[in-house]
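**Q** Taken in sequence, the protein lines are chains A and B. Residues in the first sequence are numbered consecutively from 1, following this note's numbering. Residues in the second sequence are numbered consecutively from 1, following this note's numbering.
It is possible that some hints are incorrect.
Claimed, not checked - Okay, the calculated beta carbon distance ranges per label pair: (1) Thr12/B x Lys17/A: 40 to 48 angstroms; (2) Pro113/B x Thr86/A: 29 to 37 angstroms; (3) His10/B x Asn28/A: 20 to 28 angstroms; (4) Ile60/B x Glu62/A: 34 to 42 angstroms; (5) Ala17/B x Pro39/A: 21 to 29 angstroms; (6) Trp83/B x Arg44/A: 47 to 55 angstroms; (7) Ser72/B x Ala2/A: 26 to 34 angstroms; (8) Glu62/A x Ser26/B: 40 to 48 angstroms; (9) Pro113/B x Lys18/A: 47 to 55 angstroms.
As the list claims (entries may be wrong) - Short derived list, chain A residues pointing at chain B, Cβ under 8 angstroms: (10) Thr13; (11) Gly40; (12) Thr101; (13) Phe105; (14) Gly106.
Just so you know, the hints here were simulated from the structure itself, not pulled from any lab data. The C-beta atom is built at its ideal place from N, Cα and C for all residues, glycine as well.
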Amino acid sequence: EAQVTQNPRYLITVTGKKLTVTCSQNMNHEYMSWYRQDPGLGLRQIYYSMNVEVTDKGDVPEGYKVSRKEKRNFPLILESPSPNQTSLYFCASSFLGRGDTEAFFGQGTRLTVV
Amino acid sequence: AQSVTQPDIHITVSEGASLELRCNYSYGATPYLFWYVQSPGQGLQLLLKYFSGDTLVQGIKGFEAEFKRSQSSFNLRKPSVHWSDAAEYFCAVGRTGANNLFFGTGTRLTVIP
Numbered sequence: 001e002a003q004v005t006q007n008p009r010y011l012i013t014v015t016g017k018k019l020t021v022t023c024s025q026n027m028n029h030e031y032m033s034w035y036r037q038d039p040g041l042g043l044r045q046i047y048y049s050m051n052v053e054v055t056d057k058g059d060v061p062e063g064y065k066v067s068r069k070e071k072r073n074f075p076l077i078l079e080s081p082s083p084n085q086t087s088l089y090f091c092a093s094s095f096l097g098r099g100d101t102e103a104f105f106g107q108g109t110r111l112t113v114v
Numbered sequence: 001a002q003s004v005t006q007p008d009i010h011i012t013v014s015e016g017a018s019l020e021l022r023c024n025y026s027y028g029a030t031p032y033l034f035w036y037v038q039s040p041g042q043g044l045q046l047l048l049k050y051f052s053g054d055t056l057v058q059g060i061k062g063f064e065a066e067f068k069r070s071q072s073s074f075n076l077r078k079p080s081v082h083w084s085d086a087a088e089y090f091c092a093v094g095r096t097g098a099n100n101l102f103f104g105t106g107t108r109l110t111v112i113p
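Bound-form chain A, shown alone (with noise of 0.2 angstroms):
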């Protein structure tokens, strides 16, 4: 089955302790990403990837970081994380370069930092 698996799905962590947060895809797409959803601002691209090791920021990346070693593998990194980076995260891929082609998303990962 073509999915997007995203670990964990709900996390509750302290502030300062550093956090990864994986996701996995099994469609060999070029194109994963990732977005954070919070109330009343719909979703938020952080970072992409449009392949190995090639990643880049996205609308809000500050105080995250990811990595892109192999195709399939895209984790979220939270080095240091704070209060206002608790969210709702979610993962996607997509081929890349296609014109007819859509994103496929994750469960997503509740994350709380108290």
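Once you have looked at the hints, place chain B on chain A.
**A** Same frame as chain A, now just chain B:
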């Protein structure tokens, strides 16, 4: 700069009534436009998309949307709403085709019996 406006934060409709959710966009090039639905506690599911061609596009679950370039709009419609349609709906512009999506703030739909 791009923008996507969903002017209705919350809409309530009766089951069986028709539905229209509004979306206006601002984008320099020909836009790739999408509607996604998010059911409570779930991820996002694509309802429909517009790339080019026929401006009236059909999607899943009986939804359709019409692209109107002159009005910079891509409104979502359904002739008869079911209770299971209660969810949050997001309009999005693809800044690089289907990639690099820029979302509106969403419209929450409540369906009453």
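**Q** Give a verdict on every hint.
**A** Tested hints:
1. At roughly 42 angstroms, the beta carbons of Thr12/B and Lys17/A sit within the given window of 40 to 48 angstroms.
2. Pro113/B and Thr86/A have their C-beta atoms about 35 angstroms apart, which keeps the hinted 29 to 37 angstroms range intact.
3. Checked against the hint of 20 to 28 angstroms, the pair His10/B and Asn28/A fails, with Cβ atoms roughly 39 angstroms apart.
4. For the pair Ile60/B and Glu62/A, the supplied restraint of 34 to 42 angstroms holds, since their beta-carbon distance comes to about 36 angstroms.
5. Between Ala17/B and Pro39/A the CB atoms are about 26 angstroms apart, so this pair conforms to the stated range of 21 to 29 angstroms.
6. Distance hint for Trp83/B and Arg44/A: a CB-CB separation of about 30 angstroms, inconsistent with the stated range 47 to 55 angstroms.
7. At roughly 33 angstroms, the beta carbons of Ser72/B and Ala2/A sit within the given window of 26 to 34 angstroms.
8. Between Glu62/A and Ser26/B, the C-beta spacing of about 25 angstroms breaks the proposed range 40 to 48 angstroms.
9. Range check, Pro113/B to Lys18/A: Cβ separation about 48 angstroms, and the 47 to 55 angstroms hint holds.
10. Taking 8 angstroms as the C-beta cut-off, the interface hint given for Thr13/A is violated, the closest approach to chain B being about 21 angstroms.
11. The closest approach between the C-beta of Gly40/A and any C-beta of chain B is roughly 6 angstroms, which is under the 8 angstroms cut-off, so the hint is satisfied.
12. Hint on Thr101/A holds. Least Cβ distance to chain B is approximately 4 angstroms, under the 8 angstroms limit.
13. Because the beta carbon of Phe105/A sits about 4 angstroms from the nearest beta carbon in chain B, less than 8 angstroms, this interface hint is met.
14. Checking Gly106/A against chain B: minimum C-beta separation of about 6 angstroms stays under 8 angstroms; hint holds.
In summary, the structure is inconsistent with hints 3, 6, 8, 10 from the numbered list given earlier, while agreeing with the others.
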